[in-house]
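For the protein sequence lines, the chains are A and B, in the order given. Take the position in the first sequence, starting the count at 1, then add 45; the result is the number in our numbering. Take the position in the second sequence, starting the count at 1, then add 5; the result is the number in our numbering.
A couple of the hints might just be wrong.
Stated by the list, open to error - In the DSSO-like style, the derived pairs of lysine-lysine whose C-alpha atoms are separated by at most 27 Å in a straight line are:
#1 A:Lys64 with B:Lys111
#2 A:Lys64 with B:Lys184
#3 B:Lys98 with A:Lys61
#4 B:Lys98 with B:Lys141
#5 B:Lys20 with A:Lys64
#6 B:Lys111 with B:Lys51
#7 B:Lys20 with B:Lys7
#8 B:Lys98 with B:Lys111
#9 B:Lys12 with A:Lys64
#10 B:Lys147 with B:Lys51
#11 A:Lys64 with B:Lys7
#12 B:Lys262 with B:Lys184
Unchecked claim - Residues from chain B shown here face chain A by an in silico Cβ test under 7 Å; the list is partial:
#13 Met6
#14 Gly172
#15 Leu174
#16 Glu208
#17 Arg209
#18 Lys239
Treat the hints as calculated values from the structure; they're not laboratory data. Source: prediction; values computed, not measured. Where a beta carbon is used, it is the ideal one built from N, C-alpha and C, also for glycine.
These are the residues of each chain, in order.
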Amino acid sequence: MIRVLNRQTGMEREIKGPKTVHELLREMSLVEGAVLVMRSSELLTRDIRIEDGEQVEIIPVISGG
Amino acid sequence: MKCRRCKKKAVVDLKNHHTAFCQKCFFEFVERQVRRAIHEHRMMEKGDRVLVCVSGGKDSLALWDLLCRLGYEAHGMHLDLGIGDYSAHSRFKVEGFAAQRGLPIKIVSLDEFQIPIPLLARRSRRPECSVCGIVKRHFFNKSALEGGYRVVATGHNLDDEAGRLLGNLLHWQWEYLSKQRPVLEAVGDLLARKVQPLCRLTERETAAYAILRGIDYVIQECPMSRGATSLRYKEVLNLLEDWMPGTKASFYQGFLKEAEKLWGAWKTKKEEQVRPPELTHCSLCGSASFADPCNFCRLTSV
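Here chain A stands alone, though its shape is the one from the complex:
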């Protein structure tokens, strides 16, 4: 399973891997323009494959009021 951590809310979720960043966001119903995805300290483009057992962070980018 891929461990997915939301940096803004601190919530964690597990998603079955392997998956590309694009597939992962689709499965989580997230829009690509609204988030960035990081693995360790590296930003990931949507074609990058994430393997089972890896951990990634979702960073929401929408702000304001």
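With the hints as your guide, set chain B onto chain A.
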């Protein structure tokens, strides 16, 4: 995915530009977009002293970083809104950013004036975001005029402005639409010029820039903005952008291109009906205002 320019491994993909960049080429892309916005809209000249309004979020800190890199004398101003831990955390990030780079920062705390945002919103029975806007405009303009800054720069990005445009159009807010542009010119010694140098960059781009530059910003959302309609507009635009990349940019930039024609006709018609109010000084605080007392004084004296 490879960088379009140098063919090294890409770290940021930009669907709206049908491209991807490595870190170095992405930095160049961001700087180019900011330079282009400044030049296209004649926001400021090299040598202008600029007051940057910094909240501690990604956009304003990225803007401050970029203006310094582009050679502007950019000083920071932070308004501590008095929203509990969120404001304390924001102030800490701003002070850290300024100290690390040796940049001058002015901090104004609303608690010191006994007017924190939650109290003002409760007392006036107005939405927190609306109260916050009035207070920010007052203090940023006041600080700019007192400090002799020709220009006030804010971190509004393409998503902010496209979202605002959608909201104004949905409710046909002509008055607001006529003021929506990336530069609002100075008015004598009453109002400083306001500019939005990030207006060509999406929120995702400014966030990626902040992260790659190692800028330590507040990632948490303001607790007062939960459920704000401006966030809904942004969500809708992001869905459209997902289906049709480039929609946000063409929506906002197309509006800026066409707006002048619209205002010409609208202003003439409006001026025929009613004489527009003149900008004057508020008799209580001395600030520029169309009404006396000004919105800020009316709000804080409730």
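Verification of the supplied hints:
Annotation: proposed proximity of Lys64 (chain A) to Lys111 (chain B) is violated, straight-line Cα distance about 47 Å (limit 27 Å). Using a Cα cut-off of 27 Å, the hinted pair Lys64 (chain A) and Lys184 (chain B) is violated, with the two alpha carbons roughly 46 Å apart. Our distance criterion of 27 Å between C-alpha atoms is broken by Lys98 (chain B) and Lys61 (chain A), whose separation comes to about 36 Å. In summary, the hint linking Lys98 (chain B) to Lys141 (chain B) is supported, as the alpha carbons are separated by about 19 Å, within the 27 Å threshold.
Proposed proximity of Lys20 (chain B) and Lys64 (chain A) is supported: the alpha carbons are some 19 Å apart, at most 27 Å. Only pairs whose Cα atoms come within 27 Å are accepted, and Lys111 (chain B) paired with Lys51 (chain B) is accepted, the gap being roughly 22 Å. Distance check on the hinted pair: Lys20 (chain B) and Lys7 (chain B) sit about 14 Å apart at the alpha-carbon level, within 27 Å; holds. For the hint pairing Lys98 (chain B) with Lys111 (chain B), the CA-to-CA distance comes to about 14 Å; that is within 27 Å, so the pair holds.
The suggested pairing of Lys12 (chain B) with Lys64 (chain A) holds, with an alpha-carbon distance near 24 Å, which does not exceed 27 Å. Only pairs whose Cα atoms come within 27 Å are accepted, and Lys147 (chain B) paired with Lys51 (chain B) is accepted, the gap being roughly 23 Å. A hinted pair counts as satisfied when its Cα atoms are at most 27 Å apart, and Lys64 (chain A) with Lys7 (chain B) qualifies at roughly 19 Å. The hinted pair formed by Lys262 (chain B) and Lys184 (chain B) meets the criterion: a straight-line CA distance of about 14 Å does not exceed 27 Å.
The beta carbon of Met6 (chain B) is positioned within 7 Å of a beta carbon in chain A (closest approach about 4 Å), and the interface hint is therefore held. Proximity of Gly172 (chain B) to chain A is violated relative to the hint, the smallest CB-CB distance being about 12 Å (cut-off 7 Å). Of the supplied interface hints, the one on Leu174 (chain B) is violated, with its beta-carbon coming no nearer than about 18 Å to a beta-carbon of chain A, more than 7 Å. Restraint check, Glu208 (chain B) versus chain A: the minimum CB separation of about 5 Å is within 7 Å; hint holds.
For Arg209 (chain B), the suggested interface contact is upheld, since its CB lies about 5 Å from the closest CB of chain A, less than 7 Å. Proximity of Lys239 (chain B) to chain A holds as hinted, the smallest CB-CB distance being about 5 Å (cut-off 7 Å).
In terms of the numbered hints stated before, the structure departs from hints 1, 2, 3, 14 and 15, listed from lowest to highest.
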